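Peer 1: Single-letter residue listing:
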Amino acid sequence: MRFVRDYLIPRLIQYVLVIFFGITAVFLIPRLTGQDPVLEVIAQIQTQGASLDPVAVKSLMESLRELYGLKGTLGEQYLTMWKRIFSLDFGPSLFQFPAPVSMLLRIYLPWTIGLFATSTILAWILGNILGGVAGYFSQKRWSKVLDAVIMLIRPIPHYIFGVILLILFAYLWAIFPAGGLMLGRKAVFNLRFVMTVLRYSFLPALTLVILGGAAWFQQMKLLVQNIKREDFVQYASAGGVKERILISRYVMRNAMLPQVTQLALVLGQVFSGVLMVEMVFSYPGMGLLLYRGVTRGDYNLVMGITVLSIFTITTAVLVLDLLYPLLDPRIRHR
Amino acid sequence: MEILRELFRDYRFAVGFIFLVVLAILAFLSFFSPYDPVRWLQVPRDLAPSREHILGTNSKGQDVFWEATFAIRNSLIVALIAGFLSRVVAVLVGFLAGYKGGLADRVLMGVADGLLVIPLFLILVMVAMLLRDAMTIVNTGLLLAFFGWAWDARTIRSQILSLREREFTQTSILSGNGTMSLVTKEYLPFTIPLIFSTLISNIAWAIGMEIVLAILGLVRLEIPTLGTMLQWAISYQAMLLGYWWWILTPIVLTIVLLVALYWLSVSVSEYLDPRMRIQRIGVRET
Numbered sequence: 001m002r003f004v005r006d007y008l009i010p011r012l013i014q015y016v017l018v019i020f021f022g023i024t025a026v027f028l029i030p031r032l033t034g035q036d037p038v039l040e041v042i043a044q045i046q047t048q049g050a051s052l053d054p055v056a057v058k059s060l061m062e063s064l065r066e067l068y069g070l071k072g073t074l075g076e077q078y079l080t081m082w083k084r085i086f087s088l089d090f091g092p093s094l095f096q097f098p099a100p101v102s103m104l105l106r107i108y109l110p111w112t113i114g115l116f117a118t119s120t121i122l123a124w125i126l127g128n129i130l131g132g133v134a135g136y137f138s139q140k141r142w143s144k145v146l147d148a149v150i151m152l153i154r155p156i157p158h159y160i161f162g163v164i165l166l167i168l169f170a171y172l173w174a175i176f177p178a179g180g181l182m183l184g185r186k187a188v189f190n191l192r193f194v195m196t197v198l199r200y201s202f203l204p205a206l207t208l209v210i211l212g213g214a215a216w217f218q219q220m221k222l223l224v225q226n227i228k229r230e231d232f233v234q235y236a237s238a239g240g241v242k243e244r245i246l247i248s249r250y251v252m253r254n255a256m257l258p259q260v261t262q263l264a265l266v267l268g269q270v271f272s273g274v275l276m277v278e279m280v281f282s283y284p285g286m287g288l289l290l291y292r293g294v295t296r297g298d299y300n301l302v303m304g305i306t307v308l309s310i311f312t313i314t315t316a317v318l319v320l321d322l323l324y325p326l327l328d329p330r331i332r333h334r
Numbered sequence: 001m002e003i004l005r006e007l008f009r010d011y012r013f014a015v016g017f018i019f020l021v022v023l024a025i026l027a028f029l030s031f032f033s034p035y036d037p038v039r040w041l042q043v044p045r046d047l048a049p050s051r052e053h054i055l056g057t058n059s060k061g062q063d064v065f066w067e068a069t070f071a072i073r074n075s076l077i078v079a080l081i082a083g084f085l086s087r088v089v090a091v092l093v094g095f096l097a098g099y100k101g102g103l104a105d106r107v108l109m110g111v112a113d114g115l116l117v118i119p120l121f122l123i124l125v126m127v128a129m130l131l132r133d134a135m136t137i138v139n140t141g142l143l144l145a146f147f148g149w150a151w152d153a154r155t156i157r158s159q160i161l162s163l164r165e166r167e168f169t170q171t172s173i174l175s176g177n178g179t180m181s182l183v184t185k186e187y188l189p190f191t192i193p194l195i196f197s198t199l200i201s202n203i204a205w206a207i208g209m210e211i212v213l214a215i216l217g218l219v220r221l222e223i224p225t226l227g228t229m230l231q232w233a234i235s236y237q238a239m240l241l242g243y244w245w246w247i248l249t250p251i252v253l254t255i256v257l258l259v260a261l262y263w264l265s266v267s268v269s270e271y272l273d274p275r276m277r278i279q280r281i282g283v284r285e286t
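In order, the protein sequence lines correspond to chains V and G.
At position 69 of the first sequence (counting the first as 1) the number is 69 in the working numbering, and the numbers step up by one without a gap.
At position 109 of the second sequence (counting the first as 1) the number is 109 in the working numbering, and the numbers step up by one without a gap.
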């Protein structure tokens, strides 16, 4: 019960507050820019060659105002926005008119979550294991070589790294498709479908796992190098604990905990990376949807993606934080 | 001089420094470009690298080498505006939150945490979408600065928190120093290395972000930057048509720039961290 009062409830309040402020920011920031998305859309339509008479423009503006929730005072608009979010109504998408944004999101979100979850978990596990072992044997030659390679990969941004893998493995040595996995066909879960998905997801996932893994590797290596010098490790080593057990149970386990906290902190950035990589490989997720929405000036869609992403990330962080006490005995008994 | 010699002994510092100097020279060369960076069809299109055009020409009829010099310059300007301005905010917020504590700390860190948890990239995209026509290099830099301080404010704050607990803080307060002099004379020197390393990682972040904004078509595409160069190459299918000189130029330049910055920052922060220095000396002896 103390766990509920001291940990769970404050954490849930924080969760609600972050979502509240995040979405309020999404509401306010565009309005602070002083630009009118409605005029943007009209300009967009006009540059595409359609000539509209003034009366039509006026009625179009009216209906767009309604659609974007730009009617009434700021307070009214704010309330309308929350009402719409709770009923999961982001209005119709403009680039796939009249498909509602919520429908598009429902189709594309599972793909993003699949890629996000798989690649983040894989990157975390691989990066931490490799980093831990390399940190423990930091004087060995292979550890130094690995470290140098990681130093080279680490600063490359997601988009650029994705393009490099795309050029290498989809153009020069075309063993993987350069994107273009289509959605909309009914998903039949047979072996062929799974193989297709794996083929198309491999390069995006590889990009994310290598870049993410590099970051975890470096942090873990540093942590382990420090823990290795601590008394309890020296003592266990002197007491004849086998090296394999020493690494896994004594050193790595202790270094894992801050890495879980760190994961919760960087999840938002990792998610941004996922969106960028999806754009490179035309992977049918929220990143591709975002790309299409932005290039076609589909404001409703971009807003829907942003709101849904805020929910996804904050919820993922909450789950991680709630799992944390299960991993760290010191917190459980506090 | 002694410091520099010590730093240059680290191959990462030497390589990073030389790369940066080369890139700076390239950026500076843009002032002597024989071509206008914005105009199209100044040279024959799609030529492979030759003596006349060392990096070939693109499908817009521009010389890739001279375009690249402008791109480096503009990308660096965006990144430097973003980096330095967000440093000012990060330092102010970090110092204020860390030193004052209490309500100021909770409010400021609440804002920073909020900015961290939500995928900032999407908010950036939303704003850029509305400001599209105004996204010149300066404004892109300002926008990135506006969103790029939260993480580093957090880092600086925790450093200040630990400094505040040390004895010299009490000594300084008891000897009658004001808050301003305490902060600028005692704390700032301690945090300079940290501020420097956050500056470099922020610059790298800004360069990467600018590229993605350009790919989305959210900056003024006629202004050459590393991002818009890549955007044009991709949208003209340079990859498919085999114009490798066009698409690889911005990619290679970006990687060289970011690797150089990263190595420089790692090397400098290791040099400034006494624990690492001891370890390094230890390594050299064995």
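Because the hints were derived from the structure by calculation, they are not lab data.
Any given hint could turn out to be false.
Computed list of lysine to aspartate or glutamate pairs in DMTMM-like fashion (alpha-carbon distance at most 25 Å, straight line) [unchecked claim]:
#1 V:144 <-> G:6
#2 V:140 <-> G:273
#3 V:242 <-> V:231
#4 V:58 <-> G:133
#5 V:228 <-> G:222
#6 V:83 <-> V:36
#7 V:228 <-> G:133
#8 V:144 <-> G:133
#9 V:228 <-> V:147
#10 V:140 <-> G:165
Note that the structure is a prediction, hence the values are computed from the model and not measured.
Peer 1: All hints are to be evaluated individually against the structure, with a verdict given for each.
Peer 2: Checked hints:
no.: 1; hint: V:144 <-> G:6; verdict: 21 Å, holds
no.: 2; hint: V:140 <-> G:273; verdict: 23 Å, holds
no.: 3; hint: V:242 <-> V:231; verdict: 16 Å, holds
no.: 4; hint: V:58 <-> G:133; verdict: 23 Å, holds
no.: 5; hint: V:228 <-> G:222; verdict: 54 Å, violated
no.: 6; hint: V:83 <-> V:36; verdict: 22 Å, holds
no.: 7; hint: V:228 <-> G:133; verdict: 55 Å, violated
no.: 8; hint: V:144 <-> G:133; verdict: 48 Å, violated
no.: 9; hint: V:228 <-> V:147; verdict: 18 Å, holds
no.: 10; hint: V:140 <-> G:165; verdict: 39 Å, violated
The structure shown violates the earlier hints numbered 5, 7, 8, 10.
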